[in-house]
Amino acid sequence: MTDTSTRALAAQATRATTTRPRWRRALVSIAYFVIPIAVVIGIWQLVTMLNPPAPFFPQPFAIIANLWDLMFGSPKAVQQVFYGEFLQTVGRMALGFAIGAVWGVVVGTIMGLWRGARETINPIVEFLRSIPATATLPLFIILLGGGNDMRVVFIAYGVSWFVLINTSVGVGSVHKTLLDVGKVFRISLARRLFRIVLPGAMPKIFAGLRIASTAALLLAIVSEFMLATDGVGYMLVQAQGRFQLLNMWSWMLALAILGLIINTLLEWIEGRILGWHRQSKSRA
Amino acid sequence: MTENTTVQAALVVDHVSHVYGSGPSAHHAISDLAFSVQPGEFVSIVGPSGAGKTTLLRTLAGLLKPSEGAVIVDGNRITGVPPGMAMVFQDYSRSLLPWLTIEKNVGFPLEGKKVTKAEKKAIIQESLEAVGLGGFAKRYPWQLSGGMQQRVAIARALAYRPSLLLMDEPFASVDAQTREGLEDLVLKIRDTYGMTILFVTHDIDESVYLANRVLVLSRPPARLAEDIVVNLREPRDQITTREDPEFIRLRGHVARLIHSGGKPE
Chain L
1 MTDTSTRALA AQATRATTTR PRWRRALVSI AYFVIPIAVV IGIWQLVTML
51 NPPAPFFPQP FAIIANLWDL MFGSPKAVQQ VFYGEFLQTV GRMALGFAIG
101 AVWGVVVGTI MGLWRGARET INPIVEFLRS IPATATLPLF IILLGGGNDM
151 RVVFIAYGVS WFVLINTSVG VGSVHKTLLD VGKVFRISLA RRLFRIVLPG
201 AMPKIFAGLR IASTAALLLA IVSEFMLATD GVGYMLVQAQ GRFQLLNMWS
251 WMLALAILGL IINTLLEWIE GRILGWHRQS KSRA
Chain Z
1 MTENTTVQAA LVVDHVSHVY GSGPSAHHAI SDLAFSVQPG EFVSIVGPSG
51 AGKTTLLRTL AGLLKPSEGA VIVDGNRITG VPPGMAMVFQ DYSRSLLPWL
101 TIEKNVGFPL EGKKVTKAEK KAIIQESLEA VGLGGFAKRY PWQLSGGMQQ
151 RVAIARALAY RPSLLLMDEP FASVDAQTRE GLEDLVLKIR DTYGMTILFV
201 THDIDESVYL ANRVLVLSRP PARLAEDIVV NLREPRDQIT TREDPEFIRL
251 RGHVARLIHS GGKPE
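Heads up: the sequence lines are chains L and Z, in that order. Using my numbering, read the first sequence as starting at 1 and increasing by one per residue. Using my numbering, read the second sequence as starting at 1 and increasing by one per residue.
Don't read these hints as lab results, they were simulated from the structure. Each statement offered as a hint is correct.
So the derived label-pair ranges between C-beta atoms look like this:
{"id": "1", "chain 1": "Z", "residue 1": "V7", "chain 2": "L", "residue 2": "S188", "range": "31 to 39 Å"}
{"id": "2", "chain 1": "Z", "residue 1": "A118", "chain 2": "L", "residue 2": "S188", "range": "21 to 29 Å"}
{"id": "3", "chain 1": "L", "residue 1": "A117", "chain 2": "Z", "residue 2": "G80", "range": "19 to 27 Å"}
{"id": "4", "chain 1": "L", "residue 1": "I110", "chain 2": "Z", "residue 2": "D175", "range": "39 to 47 Å"}
{"id": "5", "chain 1": "L", "residue 1": "D230", "chain 2": "Z", "residue 2": "A118", "range": "55 to 63 Å"}
Only some residues are given here: those of chain L computed to face chain Z with a beta carbon under 10 Å:
{"id": "6", "residue": "H175"}
{"id": "7", "residue": "L178"}
{"id": "8", "residue": "K183"}
{"id": "9", "residue": "W276"}
{"id": "10", "residue": "H277"}
{"id": "11", "residue": "Q279"}
{"id": "12", "residue": "R283"}
Positions of the beta carbon are idealized from the N, C-alpha and C atoms, including for glycine.
Generate coordinates for the entire structure from the input sequences, incorporating the hints supplied.
Okay, here's the thing in structure tokens:
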């Protein structure tokens, strides 16, 4: 016992002396991210400058400048349009994601806990999720009309599968001994669910949420391609129809930034909730 | 088998049988097993591998309903997990909650029980100190060695304040030196807390070293091959007890029983 703790201390000491300061590590990881992008943009910029007539591929600096203008430039009305449309998309994406995630966790937990439920529901799940979610949009429009509700339900539907399947697998794979621990110490059923089963399934649930967040943005944009009057998807189609390629590219750039922000946010939350998981795995 | 005792038995196993499955593929794990354990006794259960030791322990814990017979704890026939009973599992790496710190793991049995925060804190601290891990409250299970993790599992059982402690091959996967330390720890805890302990093991020496009584099970379907009283000098000592001729005689006797599959010589 003592020798293991001294060994751990020694390991900590060597790690402390060999690792670089935090800010330097952060700088290096930023560089790894920024440099490849900078290279691609640089080549693109050079090519478009050498060959002026390339109407479908505006110069990247022009795209960035245009997006900057839409976001922060004048007049105020343009800015309002940008943020208005952007928030429409973010709003329905977030709502659809939340509803789909909750639904997925609830049904996935039921499936993970009871074999009967799993065997009954599984064929239905396998069949429905084989239909590409995007292909169900026309059906949702017929059933729910062309309004915002339809889009939210559509996103929730498409997103739920990823969460549902991961939750079901995660809950089902919580080790039997842990469940026995809950029973032996006479922990109530609800506490066993929230203190043993769901935390144990959390790594898998989170993996599902990560995929679901990407799908949510995708489905939000696709849903705005049909019968929409607002949102980024709508603006993209409009810009394309009017041949405003600079605007089209700017909206795409804005979406890329949104996607990055969502991913970073989820990664941060995951680090907070699942720090134990990553660290315990790295030791095993 | 319920002898004419004046004290109420802590545990009575009343002709318990357990069968997995049915028809020709049915597996008879336990067959008509009967014994009783007095309060404060340390009883080891040994048997050939696959003798249904774990089945028996899960039945005693109320996790498994016996096909026949009954388990009586403190005079009450159990229908589920009885109160006042704790268990230490074989697989410590899977019995601790990896997302909780050591202190929260130890305090886990008190979840939803009527205990104030201050009481809970005191119980956790006391339990951790009883197993020699007072300074490790804020660590996580996976930061500790196997032997230390099993100490945490024992501390968790202590925090529950059980009168009956079931241990399912708890030291099967730790190295020999760690194992000796843990054996003496269990004996110390028994003396401090005065609880009844049922200790399942496949290690013959361990079964004799620890117990007041060794129950030897036969090959499956498990029956009681012999109920052996261990009268070794207290306190037990890893070196002198194991040199004691009586210890050597007993371990030889148990070993022969097990090697013959539980049939008397």
